[in-house]
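Novice: The chain contents come next:
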Amino acid sequence: MEPLDQELDEAELEMPTEPMLLNVGPAHPAMHGTVRCVMELSGEIIERVDVQVGYLHRGFEKMCERGTWTQVFPYVDRCNYVSPMLNNVGFALACEKMLGVTVPERCQWYRMILGELARMSDHLTCDGAMAMELGAFTPFLWMIKAREMIWDLMEEETGARLTHSFGRVGGMASPPTEHLKENARAVVAHILTVIEECEKLLLGNRIFLDRLEGVGVISQADAVSLGWTGPCLRATGIPYDVRKASPYLKYGEVDFDVPVGSASDCFDRFMVRLAEMRQSARIIEQCCQRMADSGPVNVTDPRIILPPKDEVYSTIEGTIQHFKIVMEGLKLPAGEVYSYSEGGNGELGFYLVSDGSGTPYRVRIRPPCFLITAGLERVITGAMMADVVPSFGSLNMIGGECDR
Amino acid sequence: MSKALIDLIKKNFGAAVLETHSLYGDDTIVVEAAAWREVARFLRDTPQCSMDMLTDLTAVDYPEREPRFEIVAHFYSLSKGHRLRLKTRTGDSEGDEAEVDSLTELWASANWMEREVFDMFGVIFKNHPDLRRILMYPEFEGHPLRKDYPADKIQPLIAYRDVPNIEKVAPFSVDEGMSFGRQTHASSRRDDSQVN
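So the sequences go chain by chain: A and B. The first sequence begins at 7 in our numbering and counts up by one. The second sequence begins at 2 in our numbering and counts up by one.
Be a bit skeptical, because a hint or two may be false.
Stated by the list, open to error - Covered stretches of chain B (chain A as the covering partner; in silico rule of three or more C-beta atoms under 8 Å from a C-beta of chain A):
1) 78–87
2) 93–101
3) 106–116
4) 132–140
To be verified - Derived BS3-like pairs: lysine-lysine, alpha-carbon spacing no greater than 27 Å straight-line:
5) A/Lys68 x B/Lys127
6) B/Lys148 x A/Lys68
7) A/Lys330 x B/Lys148
8) B/Lys127 x B/Lys81
9) A/Lys256 x B/Lys81
10) A/Lys68 x B/Lys154
11) B/Lys81 x A/Lys250
To be clear, the hints were calculated from the coordinates, so they are not data collected in a lab. All values reported here derive from a predicted model rather than from experimental measurement. For each residue, glycine too, the CB sits at the ideal point set by N, CA and C.
My request is simple: use the sequences and hints to build the entire structure.
Specialist: Printed below as a string of structure tokens:
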């Protein structure tokens, strides 16, 4: 054994000056989603970083080109799997823009209620996960429990907790259940309590605040140039919300505010999401008040919507109609369209190209968090290693949507 | 409203504008590939346009057409609230020589979206700072969103690296994928050398 008190040459004691290369992810607990950051560290400062996505790429855009337009719904479900209803509705809106149809009023309110609930679930997940990654486990559990209530409601409405595939071109797969409004109000009331309790837990916590405030700052100009949308853009102070800027469904008729931040740091992104949940609650309440209890949900055009099952089995028209839609797919007119709606992370766009057959020629999903993740490099370069966790958490990267 | 934009572009780039339409209310301009970046710069810098956001950039493959690829960009102006779709066409029927200028220096969002188009369609963006595959891995062969790429094609396995005296080494090296390390595409190397 070597003696412990051996004489060391002065030169050997020098600190290594080479930057250290560190891999974070793709299977790192703080990288919720599958993303890999290759960092070049000098001490604890990140000098260069290469953000690599694509680990969850499943080739959805390619697969969409093989089926019918209706068969795209399950794929968009699995894009942002925390708020799949928003994707469903976004895609349905894009197809409806091409067909030139508008769904009945009752369906529009219905879509808004489910969509806003999905948005709440998205924000609950993001804020909860952010808190958990900084060591606050309780808010995470509370928020996920609240999210579970949303998913119970979704299950009641659609039959599936998570991947509903519930949207249809020209309507929804089934009409709202009898207890929708009652359930929605109960869930929203519970979520508002949870938000309040979590605020009490977190916003008076020195450690939590210190790790968020002034961390992960991005300038307004950078955020716009990077194509950021949604809560991350609004945290920089730009009140751009698709629901306000170009209202779709009935968003022009309901009363809600667009919360904005000012410092564009992680804390603002956290707070914008909290505030947006409260606005969603307001929207849901107004929708519940204005949605009719009965009335048509789907458009009546037989070329778009499947006939009722009893007609399929008892009338020749119904059988043919059903056969045509299922076998050939509904036919979108040839052309191209870009339709956009406010997803959980920002502007969720669909660029569709149709050649007039029943099969999509090209379905391009414009994922909001692909561009937000592209900005991660700019956000964390020059920051400390420990700041990566809250910065990445506050961007709310959803692997399925980013990589498709 | 954006009709005015189409007229403005036509006035300034009359020769380069191939066609325009406003199908489903989406104003669209198709320009020559050579004018791609200049038109984009005009859209960003002219006060009447002030397109401060490049919301989307993608491509569509029409294998029976020549030029084969259509590059599609969607712009949005936060201050004016208007949108515009700008398209260009490039590439021969084999999919080679599909080249357009990169918009990365105009909008930072172009960086990753151009990498994705390169990855999925094999379109080369000239002067892109870091043209690598983004969703696929570096060893992937072909460009999956091309219409002639079979959806059920099986990719070859990646060989283990050959290092003496060690039986198995992971197929990636220490600096795998670093923008400042290994480069995966010959053309991006070529572009680098041109820049330097």
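Novice: Are the hints correct? Go through all of them and say.
Specialist: The hints, checked one at a time:
With a cut-off of 8 Å between beta carbons, the region 78–87 of chain B has 4 residues touching chain A; three or more are needed, and the interface restraint holds. Only residues whose beta carbon comes within less than 8 Å of a beta carbon in chain A count, and the region 93–101 of chain B has 0; fewer than three means the coverage is violated. Here's how the region 106–116 of chain B fares: 6 of its residues keep a CB closer than 8 Å to some CB of chain A, so the rule of at least three is met and the hint holds. Counting residues of the region 132–140 of chain B whose C-beta sits closer than 8 Å to any C-beta of chain A gives 5, which meets the bar of three, so the coverage hint holds.
Of the supplied pair hints, the one linking A/Lys68 and B/Lys127 holds, its CA atoms being roughly 26 Å apart against a limit of 27 Å. A C-alpha spacing of about 9 Å is found between B/Lys148 and A/Lys68, which places the hinted pair at or below 27 Å, so the restraint holds. For the hint pairing A/Lys330 with B/Lys148, the CA-to-CA distance comes to about 26 Å; that is within 27 Å, so the pair holds. In summary, the hint linking B/Lys127 to B/Lys81 is not supported, as the alpha carbons are separated by about 30 Å, beyond the 27 Å threshold.
For the hint pairing A/Lys256 with B/Lys81, the CA-to-CA distance comes to about 23 Å; that is within 27 Å, so the pair holds. For the proposed pair A/Lys68 and B/Lys154, the alpha carbon gap of about 12 Å is at most 27 Å, so the pair holds. A C-alpha spacing of about 14 Å is found between B/Lys81 and A/Lys250, which places the hinted pair at or below 27 Å, so the restraint holds.
Figure legend: structure checked against the earlier numbered hints; hints not met, in rising order: 2 and 8.
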